[in-house]
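A.B. asks: Next come the chains, spelled out residue by residue.
4 protein chains.
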Amino acid sequence: MSNEVALIVGGGPGISASCARLFARNGIKVAIAARTPDKPVLATLEKDHGVRRFACNASEPEDVDRLFRSVATELGRPSLVVHNIDGRSPGIFRNPVTEADPALLAAVLKNSAFSAFLVAQQAARLMLENETAANGGKGTILFTNASAALKGFALSTAFAMACQAKTGLAQSMARELMPKGIHVAQVPIDAAIGFTQDDGSRAHRLAGTTVDDNMADPDRIAEVYLQLHRQHRSTWAFEIVLRPWLEKW
Amino acid sequence: MSNEVALIVGGGPGISASCARLFARNGIKVAIAARTPDKPVLATLEKDHGVRRFACNASEPEDVDRLFRSVATELGRPSLVVHNIDGRSPGIFRNPVTEADPALLAAVLKNSAFSAFLVAQQAARLMLENETAANGGKGTILFTNASAALKGFALSTAFAMACQAKTGLAQSMARELMPKGIHVAQVPIDAAIGFTQDDGSRAHRLAGTTVDDNMADPDRIAEVYLQLHRQHRSTWAFEIVLRPWLEKW
Amino acid sequence: MSNEVALIVGGGPGISASCARLFARNGIKVAIAARTPDKPVLATLEKDHGVRRFACNASEPEDVDRLFRSVATELGRPSLVVHNIDGRSPGIFRNPVTEADPALLAAVLKNSAFSAFLVAQQAARLMLENETAANGGKGTILFTNASAALKGFALSTAFAMACQAKTGLAQSMARELMPKGIHVAQVPIDAAIGFTQDDGSRAHRLAGTTVDDNMADPDRIAEVYLQLHRQHRSTWAFEIVLRPWLEKW
Amino acid sequence: MSNEVALIVGGGPGISASCARLFARNGIKVAIAARTPDKPVLATLEKDHGVRRFACNASEPEDVDRLFRSVATELGRPSLVVHNIDGRSPGIFRNPVTEADPALLAAVLKNSAFSAFLVAQQAARLMLENETAANGGKGTILFTNASAALKGFALSTAFAMACQAKTGLAQSMARELMPKGIHVAQVPIDAAIGFTQDDGSRAHRLAGTTVDDNMADPDRIAEVYLQLHRQHRSTWAFEIVLRPWLEKW
Numbered sequence: 025m026s027n028e029v030a031l032i033v034g035g036g037p038g039i040s041a042s043c044a045r046l047f048a049r050n051g052i053k054v055a056i057a058a059r060t061p062d063k064p065v066l067a068t069l070e071k072d073h074g075v076r077r078f079a080c081n082a083s084e085p086e087d088v089d090r091l092f093r094s095v096a097t098e099l100g101r102p103s104l105v106v107h108n109i110d111g112r113s114p115g116i117f118r119n120p121v122t123e124a125d126p127a128l129l130a131a132v133l134k135n136s137a138f139s140a141f142l143v144a145q146q147a148a149r150l151m152l153e154n155e156t157a158a159n160g161g162k163g164t165i166l167f168t169n170a171s172a173a174l175k176g177f178a179l180s181t182a183f184a185m186a187c188q189a190k191t192g193l194a195q196s197m198a199r200e201l202m203p204k205g206i207h208v209a210q211v212p213i214d215a216a217i218g219f220t221q222d223d224g225s226r227a228h229r230l231a232g233t234t235v236d237d238n239m240a241d242p243d244r245i246a247e248v249y250l251q252l253h254r255q256h257r258s259t260w261a262f263e264i265v266l267r268p269w270l271e272k273w
Numbered sequence: 025m026s027n028e029v030a031l032i033v034g035g036g037p038g039i040s041a042s043c044a045r046l047f048a049r050n051g052i053k054v055a056i057a058a059r060t061p062d063k064p065v066l067a068t069l070e071k072d073h074g075v076r077r078f079a080c081n082a083s084e085p086e087d088v089d090r091l092f093r094s095v096a097t098e099l100g101r102p103s104l105v106v107h108n109i110d111g112r113s114p115g116i117f118r119n120p121v122t123e124a125d126p127a128l129l130a131a132v133l134k135n136s137a138f139s140a141f142l143v144a145q146q147a148a149r150l151m152l153e154n155e156t157a158a159n160g161g162k163g164t165i166l167f168t169n170a171s172a173a174l175k176g177f178a179l180s181t182a183f184a185m186a187c188q189a190k191t192g193l194a195q196s197m198a199r200e201l202m203p204k205g206i207h208v209a210q211v212p213i214d215a216a217i218g219f220t221q222d223d224g225s226r227a228h229r230l231a232g233t234t235v236d237d238n239m240a241d242p243d244r245i246a247e248v249y250l251q252l253h254r255q256h257r258s259t260w261a262f263e264i265v266l267r268p269w270l271e272k273w
Numbered sequence: 025m026s027n028e029v030a031l032i033v034g035g036g037p038g039i040s041a042s043c044a045r046l047f048a049r050n051g052i053k054v055a056i057a058a059r060t061p062d063k064p065v066l067a068t069l070e071k072d073h074g075v076r077r078f079a080c081n082a083s084e085p086e087d088v089d090r091l092f093r094s095v096a097t098e099l100g101r102p103s104l105v106v107h108n109i110d111g112r113s114p115g116i117f118r119n120p121v122t123e124a125d126p127a128l129l130a131a132v133l134k135n136s137a138f139s140a141f142l143v144a145q146q147a148a149r150l151m152l153e154n155e156t157a158a159n160g161g162k163g164t165i166l167f168t169n170a171s172a173a174l175k176g177f178a179l180s181t182a183f184a185m186a187c188q189a190k191t192g193l194a195q196s197m198a199r200e201l202m203p204k205g206i207h208v209a210q211v212p213i214d215a216a217i218g219f220t221q222d223d224g225s226r227a228h229r230l231a232g233t234t235v236d237d238n239m240a241d242p243d244r245i246a247e248v249y250l251q252l253h254r255q256h257r258s259t260w261a262f263e264i265v266l267r268p269w270l271e272k273w
Numbered sequence: 025m026s027n028e029v030a031l032i033v034g035g036g037p038g039i040s041a042s043c044a045r046l047f048a049r050n051g052i053k054v055a056i057a058a059r060t061p062d063k064p065v066l067a068t069l070e071k072d073h074g075v076r077r078f079a080c081n082a083s084e085p086e087d088v089d090r091l092f093r094s095v096a097t098e099l100g101r102p103s104l105v106v107h108n109i110d111g112r113s114p115g116i117f118r119n120p121v122t123e124a125d126p127a128l129l130a131a132v133l134k135n136s137a138f139s140a141f142l143v144a145q146q147a148a149r150l151m152l153e154n155e156t157a158a159n160g161g162k163g164t165i166l167f168t169n170a171s172a173a174l175k176g177f178a179l180s181t182a183f184a185m186a187c188q189a190k191t192g193l194a195q196s197m198a199r200e201l202m203p204k205g206i207h208v209a210q211v212p213i214d215a216a217i218g219f220t221q222d223d224g225s226r227a228h229r230l231a232g233t234t235v236d237d238n239m240a241d242p243d244r245i246a247e248v249y250l251q252l253h254r255q256h257r258s259t260w261a262f263e264i265v266l267r268p269w270l271e272k273w
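Protein chains in written order, with our numbering: chain A, 25 to 273; chain B, 25 to 273; chain C, 25 to 273; chain D, 25 to 273.
What the hints contain is simulated information worked out from the structure, not anything from laboratory work. Where hints are given, some of them may not hold.
Which copy is meant is left open, so a pair is good if it fits within one copy or across any two.
[As the list claims (entries may be wrong)] Computed list of lysine-lysine pairs in DSSO-like fashion (alpha-carbon distance at most 27 Å, straight line): (1) Lys63 with Lys134; (2) Lys272 with Lys204; (3) Lys71 with Lys134; (4) Lys175 with Lys204; (5) Lys175 with Lys272; (6) Lys175 with Lys134; (7) Lys175 with Lys63.
Construct the entire structure; sequences and hints are all you get.
C.D. replies: Right, here's the structure in full:
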């Protein structure tokens, strides 16, 4: 096992779990942070892949500060940090702007964009102390994003604001930190993320499709994240939009 | 004088004052909202152009709600609302992300992007009740923005986030409200805004230039705002980026 | 009448005719160039508005060279040049790329993008000799474009290539010539252009609409062109996308 | 060795050679097409990696048609086609638009954008007959592009037009062909491409840098091309911009 440490912030069963498994299989020590780290999907990751779980409300500065100190102490300074919280919550889609709740909108901005800032700031502080690795970099900060990052859709004002604020964060940090050796990138997923149903089958969106290809497969998204982390600083990508072959765009 | 009412939120001596003067000269009743409505530049607008002043902290839902009720009662429902607060504040430029203050960043998001939402939401509510005007629309909502809306620059993470959140808001609202007759647009100014110095001359950024053309002239910006308001719904522009001829982009 | 001269290249009954009428009404001497300058719509423009007609195949260097020399000699050096040829032709829409005819594609590129270069190059040469006008500029070069300039749609490869080549031309020329005093801009029209039917009524695309607002009105597009020409160099727009209120985007 | 066949169009010592080596090492049969297939770099690829060389002027429809028939006959139908001709030629940079030679500009458009169309059209025709592979696709068409695809720079009008025409092609084909199982993508390289000097060292652009990281390393670009080819259709990227860590953008 290498000495590499990855920290994934956001503990869902989709991209976060897929990243945790893939990173662990590639010899990286993995920490995962979630509000409720004791949920079954994360317990399974610990049991099967040695993933370390941390409790953290990523929209609270003190929590994020404590998280990074704990990870650095217990596993080592991370060289790969993934922010995987997009702020989707009930009530923010199909929501006319005239009826939008300002308090909910403020919460979405805080949970998604503000937490991305907090996590990336702590990540940058630690990574700047890393030694330069074989790929010429000191570390990688990745933001999961959505197609709303590229295009603000109707009836989802809060989500559009949060996703585009996250893009502003990623762009600004990339321009500042890439010349200092930190690879900053975002991955807008222009699709619903597939998930495994209780019967073990994959959910599909389109009737009549018989393979899992009209939703983005989180295992394959995770591959792109690892590829981004392994890219040499000679050729860094800032943004990779992923969409299924049948998606309209 | 027509029965048209315009509300400008943000009370600076640049774009807001230029808009107030131009709108008033074109027969529109003008209200201007600012945290400190008693400052001299606004008093002059009232004296010279009949502009009505309102006190409002545009990042507070109750304040914004009260503002629109007051304007509707005292002047009539607005058909033109300009949000002209960009959240620039000391400490957010030339500010390494590792040293950025989370509290300041949260305040910038609130003052700029969140207030834009609050203002535009109230504007939309009132405008949907307007009758359709000669240009085929029920009203116009305009957001002043900056080049950071298009490109997140290094060392200004908070500003990049706020400007792009505002873009997300504008895009989402435009896609929702334009088919309902409300023209939503943003005007990113890719320049410093010119201002008049105490000796009456204009500030310049570039040595050796002898005319006022390396900064954006707020009087000319205001012309674009009025043109956007007058556009027929057959041909609505969503975004007009303005920059001086000598600006690099 | 001022001494201003405008040259419109492309002689259709939509944007070109609307521009000719509007420019003439604003005291500008107008020349219009078309392959077949003797068609009725152009004869009417001459009769009603004094527009001068010139024969020109705008995709032939010699023709374009001769055109500008003729216009300069007969009317004076233009300070406003509009390229209004978009290369639409039968067979380039709903055309699978596997069935596209290379010769047709080459012709579309030549008629649209290459002719835009030829026209803009000659325009730039003459305008650089102009004196600086009241708006601080030496002249304005405008390109009509389409939504394919922003997004290459399926089944229309030739059109996507031509429109985006034209965007590349406009961007490159704008960055080079704006600091020399020439305002270069493009206006992508994200709509069908309305036209007047034989019975005098306007064509509509959407059933059930009773006003002319689901197609772009060329008279209103022409207003934007004149506004762009009048913009002061303190605040130049490079691109204004126009779309009707009901258009999806 | 698999039965996979790759065709690389463009025979330079940079990306084309790197792709040929990497694809061959991964068990893919590789064909490379160039105007002068007998140059040493290609002879070496044949000798060391079994790469098959084909003579082709990729801007001539008949040549491109013959190329694909020869490759299909001799190696099999390709499932990976790379168009790697960007049309750079002497005289198109630092070239004021007023002095640009129309004939040279037409040649650049033909050599770069038109050849990209010819190659991609033939590739699509053959790939549509392929069986669906393990990654869910029938094949991959990749276009090398440059930063001018994203931004038309001053003093390089011909290059801006050609690069953006190629983007239009790639977008239109992607929207048409991805739902048919063909992965279409472009890779704009925002950098000079590194190359090996006669003394075996790598060229550098920036004084004082001691590692090869201020130019894009073609071996690492080739990795991204292979990753794109291997992506599952559940998560296809259309565009990956690659730039070195020290590049301004």
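A.B. asks: Which holds for Lys63 with Lys134 at a C-alpha limit of 27 Å: within a copy, between copies, both or neither?
C.D. replies: This pair counts as within: shortest intra-copy Cα distance 23 Å, inter-copy 33 Å.
A.B. asks: Using 27 Å as the alpha carbon limit, work out where Lys175 and Lys272 are close: within a copy, between copies, both or neither.
C.D. replies: both (13 Å within a copy, 12 Å between copies)
A.B. asks: How would you label the pair Lys175, Lys63 (within, between, both, or neither) given a Cα cut-off of 27 Å?
C.D. replies: Neither. Shortest intra-copy (34 Å) and inter-copy (39 Å) distances fail the 27 Å Cα cut-off.
A.B. asks: Using 27 Å as the alpha-carbon threshold, which applies to Lys175 and Lys134: within, between, both, or neither?
C.D. replies: Both ways: Lys175 and Lys134 sit 20 Å apart in one copy and 22 Å across, limit 27 Å.
A.B. asks: Go through the copies and call it for Lys71 and Lys134: within, between, both or neither, with a Cα cutoff of 27 Å.
C.D. replies: The answer is neither: 32 Å in one copy and 42 Å across copies each exceed 27 Å.
A.B. asks: Treating 27 Å as the Cα threshold, decide for Lys175 and Lys204: within, between, both or neither.
C.D. replies: Between copies, since 19 Å is at most 27 Å while 30 Å is not.
A.B. asks: Checking Lys272 and Lys204: alpha-carbon separation at most 27 Å within a copy, between copies, both or neither?
C.D. replies: Classified as between: cross-chain Cα gap 13 Å, same-chain 38 Å, threshold 27 Å.
Hint compliance for this structure: hints 3 and 7 are broken, all remaining hints hold.
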